[in-house]
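Residue numbers (my numbering), protein chains in the order written: chain B, 243 to 765; chain P, 437 to 671.
Because the hints were derived from the structure by calculation, they are not lab data. Here a beta-carbon is modelled for each residue, glycine too, at the ideal position from N, C-alpha and C. Watch out, some of these pointers could steer you wrong.
[As the list claims (entries may be wrong)] Which bits of chain B does chain P cover? Going by a derived footprint, with three or more residues having C-beta under 8 Å, they are:
(1) 333-339
(2) 391-402
(3) 433-442
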Amino acid sequence: MKKFKIFAFATLASIFQACFNSDDHVFDEADTTDIKIEATLAHSSTDFSAKVKADTFNIGDTVYFLTDISPNKIIKVQDYHWLMDGKHCSSDFNFKKRIEEPGYHKFIFVLKDFFGDMHYDSLDVWVADKPILDDKAFIPAEGTQAFDPYESIYFTWSAKTKGINLAHRYHFTLSEQSYANAESKFNDIDTILTEPYFIFHNKLNPFKKYNWTVQAINEYNLVSDEKIESFFFTKGISKEGSLEATIDIGNANIVPVQLSLSSDKNNSKDFNYKFNVSSSKNEISLGAIPAGSYKLKLYSDYSDFSIVEKDIDIHDGFVTLVEKLKLIDTIPPTITSITGQDTISFADTLKFVVKDGSGQITNQKTKVRLESEQILEKFYNDSILNVVLKETDKSWAYRILTISATDGSQNTKTKSFYITPTILWFTTNSDTTVASDGLVYLYIEDNNSYDFQVETFRFYNITRDEMIFSIPSENKKSIHAELSASLFDSEQIIESTIIYKNGLMQKKRWKLRVKPATATEEE
Amino acid sequence: MNLFNRSIIPLLVVFTFFSIFLAGCLDAPDYPSALQPVESINISVQQKGNSFSTVLKVNPSDSATIKANVDPSKYQDDIYFEWFYSSNGKDSLLSPGPEYSFYPNKNYGTIPNKLIATDGEGNQQTYEFSIVVNTPPVLADSTIPVNGDTLYGSETSAFLFEWYSFDRDFNAGDTLFHILEIDGTSYDVGTLLQVKQSGFKMGEHKFRIIVRDIYGDADTLDYKKFYVVDTLEAK
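Given the sequences, and given the hints that come with them, work out the whole structure.
This is how it looks when you write it as structure tokens:
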């Protein structure tokens, strides 16, 4: 029995020994995985690509708070939660929150792992509304006149961010107006100020318009929606004023302009100005002018533009403002054929006169279409538009050639011309000169290859607008007639016409000249 | 095993041990039934018959009284107070008692900046504070335009507004901020003492200036009237 007890004790001892011998229970650092947490925030639930640790938000914005846990979120943990400014705000890994309290907020993600170790990561959030800039009450008020260009100018304004006491800075700019007739040489001011006022001590130029702008930015870098955009004018020496005007030139790009000021009382006070006005630079400033009443006349070198006449007063120290003097071209170009006719004969090169009182027609501003086909081979020079036709443009029928021209003010004229058939199924007279005591030999001979039956032969005096004769064909394919030349004027256009029974008709115009009997000559 | 056949000494030892242990439990102190009776002590200052204010700001033109207030007030007499002027770690006792009157001139050695409160058991609490000695700003009655002035020009004319403000603390770093109020519209003109403004139709207008220093003391002038005559339209 005693041996058995000794054996049992030894067995139990060896079992316990085995428990303590196992290397499996020895801590091996290589087998461990560190727990890492990272908190981030984002502006949008759909775009987490721009995750940051700190950012600024407007009041009421929804902020998305996100956590990444390494190795993953299914590790054994005792607790995790978010704190906002030290107070519990969420028990989720990820959550969203609308933040209504302006100011700085610290968000901390806290994780207590299985072993009781604490892990933290924090985010910084600044919340505020955009600053509100008072864009109604500021100094100097918009359009203030007669600032002495040699005195300091004081600018003031005010801005605040609702619900929170934040410092503000201000983006301030000051620039001199550039005019169509005068470039500014002023060194623009573009600066950031920490106080809501600015004193400009340097010299300004007399009788100029100065534009200034202010926009507020709070210390969270939020920029005000409002922006002060104002202007003021300087004065010059005593008994002088100036005039500033904006000129509306409609759709024109650039227009040469002349302006004259004639004094009502004293002819010696006449002033004349020449300058170009463009759509982007349409403000003019006339510099110092003796105070008084004047007649203003504004006109362009181009005849299509209207003339503006206006009575104006120039006040001592003030810049008289004249808004929108309308110098507009509403007259489209004119288009005529070189012959003056709307029906023209086919030629390799057709010539048209395209003119405009704005002097701003270019080849690019003309378009030529032969029915549906655009003709690109065209040249515009010295008011003449040359249109080149191809051999394949010839037809047995009338063709419509449409020309459009657009002037610098976008006034467009479109005109169509008829090109007489070039492929004729008949022969008839060409331009002819006969002696007044001779005979005019008229003929039409059909030679169509389609077996069309001729119904009528006709000769018509276009110049006199009267029928010479119209004869049924009676199944004949030609007609010949002789008429006394004395029946005709010295020069006329004759139109030979053949009408087929299927309704088709072809015409040809030719010129008949009748000369005195002593000088008979045939061309 | 029969216990009665053995000595009772071991049993007595065990019994004695448990008795001592239980007696120790019975000797544990009671849970404190009364909390600290004084919840807070605040410091306020009074001047020129005004009520006491916790804004520790005084005008050097008149004597001031500083007072320590105990909350709840029923313990006011149970606390002993001492007012000190402390500088460079050295305390100078100015006066004992809950109140101390002083003349707030620029001799800061007479102006307390430290209070030690002591209860009946010798517990002490120290309060450090500072009293701002500030002279309110003053606006001169002289302005441009003067009351009743007539200004000639037009609605776009730049009319000068000018005023003068003073503050005895200016050299001590005080700054004056002004508000120009014209016809009910306030313009925050900051430290400027003149501006030029336009936009005045022909007729009567009124304006005033308000000046405020960085401590919130302010001065203002009564509304002044000016009249605009539109000389350009008249022509």
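Are there hints from earlier that the structure breaks, and if so, what are their numbers? Failing hint: just 1.
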